[in-house]
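Chemist: Here is what each chain is made of, one letter per residue.
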Amino acid sequence: MTVAGPSDGARPPMISMHDVQKHFGTLHVLKNIRLDVPGGQVVIVIGPSGSGKSTLCRTINRLESIDSGDIAIDGVPLPAEGKGLAQLRADVGMVFQSFNLFAHKTILQNVTLGPIKVRKMSKKDADELADSLLQRVGIAEQRDKLPAQLSGGQQQRVAIARALAMKPKVMLFDEPTSALDPEMVNEVLDVMVSLAREGMTMVVVTHEMGFARKAGDRVLFMADGEIVEDGTPQEFFTNPTSNRAKDFLSKILTH
Amino acid sequence: MDFSFLSDPRYDVLGAFWVTVQLTVWSAIGAFILGVVLAAMRVCPVPLMRGFAGGVVNIVRNIPLTLIIIMMSQVIANQLGLRLATRQPGVNPQAFLDTQNFRLAVLGFIIYTSTFVCEAIRSGINTVPPGQAEAARAVGLTFTQVLGIVVLPQAIRAVVAPLGSVLIALIKNTTVASAIGVSEAALLMNTLLENEADKFTAVFLVIAAGFIVLALPTGLVFGSLAKKASVKR
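From first to last, the protein sequence lines are chains A and B.
My numbering puts the first residue of the first sequence at 7, with every later residue one more than the last.
My numbering puts the first residue of the second sequence at 54, with every later residue one more than the last.
Derived by calculation from the structure, the hints in this document are not laboratory data.
A portion of the hints provided could be inaccurate.
Claimed, not checked - Taking lysine to any residue and the SDA-like style, the derived pairs with C-alpha atoms no more than 20 angstroms apart in a straight line are:
#, chain 1, residue 1, chain 2, residue 2
1, A, K173, A, I122
2, A, K111, A, K130
3, B, K225, B, P270
4, A, K89, B, I202
5, A, K126, B, G201
6, B, K281, A, D150
7, A, K89, B, V99
Isolated chain A, as found in the complex (with noise of 0.2 angstroms):
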């Protein structure tokens, strides 16, 4: 596996991101952030809390805003606000920590919301997507329920499908696994691998160094705002060249 550089033929990275720097107060969270993924390529991002590494996953798709730089996905400049914001977020899929789903909707509800309103699909079509996009989760039998009904891994899995029916060209997992217990991680993860495999471009902030090391193709660490490390999971997990992450792998592996 390599590692593709920005200059990789005629296409645009799919995500791009120049010198973007962010503030939360007085606390400088991303530094000087350069990034380029190219089309069908997993980024993993690690890193100790406090790193950035959720806020550069939600920058992506302007979630939280930037003080400087540029972010472009597709080639195209993220608009700062505004319907070409939101177009452009339909573009780019979003998986959440804590599921987010559409408490007052139904399973299907909550997956066809975005094709109806946003993509201006008929129902009809937007009810057999859904159904196909949660056979694929393994929760089809679920559709008429409401998310309160489910447990935390279909929950998630339904979260996932959500993102997926507005058929985005990037799919961001801000800690998909964080808030789950531990026997349901592995539906999640499994899900996401297979999405990995079919050569969806993601961006994942995760802790399951399991999963950086087989659906990962590259992985970022991040400390104190700053790209630390970047790398393929081998090199990373095997010959990581900072004191940071040295000291970060010898925490969470040692157990």
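For chain A, the structure is supplied; the task is to place chain B on it using the hints.
Modeler: For chain B alone, kept in the frame of chain A given last:
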């Protein structure tokens, strides 16, 4: 006790309470719609809209209702010439005045009550986890869609019980319309007290019972509705 006034054709008790019900229903519908709009404005990202809605709410809800109703009649209608009914020349103006005053009162109640609806819904918006709006934005919904499809429906479900209290207050507040001559229950009570002064207790009991009959079921219905509507998390 002497309840003979109930069968006196000069006093239409049921008719008066029917006017009370009509005042309540029209005002409630209008106040709900305007209240939702104000609440949406108070949370919208445009500072001018936020400031305007906040200003309206804080001014209107701190003015006594009696003042607002009298202002509707004296200032808005008489001084500024707002006509809410058509007046036919040569016809007794009483019918015009009845309709005009009824509609002015409804407008006053809508403006006043919408500020309380707005604040109830705004507190409901605070019960909706921020993740719900984030997920809606991430799917590609616009601000209006996020608010209208995801946030407000959950916020309103959370405040059904407080909205019931606002409605009960509105039912009782309609008595203020008597100040501009709308012939609802309280105006009838005033007439009765003047003409049948010896039957004070009976008159009071009848009118009070009428309001309890209207308000009590409202509270019960909204209480059970609140349980059904609540969003399970």
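Chemist: All hints, please: hold or fail.
Modeler: Verification of the supplied hints:
A hinted pair counts as satisfied when its Cα atoms are at most 20 angstroms apart, and K173/A with I122/A qualifies at roughly 13 angstroms. Taken as a hint, the K111/A and K130/A pair is honoured in the structure, with Cα atoms around 17 angstroms apart against an allowance of 20 angstroms. About 14 angstroms separates the Cα atoms of K225/B and P270/B, which keeps this hinted pair within 20 angstroms; it holds. Distance check on the hinted pair: K89/A and I202/B sit about 16 angstroms apart at the alpha-carbon level, within 20 angstroms; holds.
Proposed proximity of K126/A and G201/B is supported: the alpha carbons are some 17 angstroms apart, at most 20 angstroms. Among the hinted pairs, K281/B with D150/A is consistent with the structure: their alpha-carbon atoms are about 18 angstroms apart, no more than 20 angstroms. Taken as a hint, the K89/A and V99/B pair is honoured in the structure, with Cα atoms around 15 angstroms apart against an allowance of 20 angstroms.
Figure legend: structure checked against the earlier numbered hints; every hint is met.
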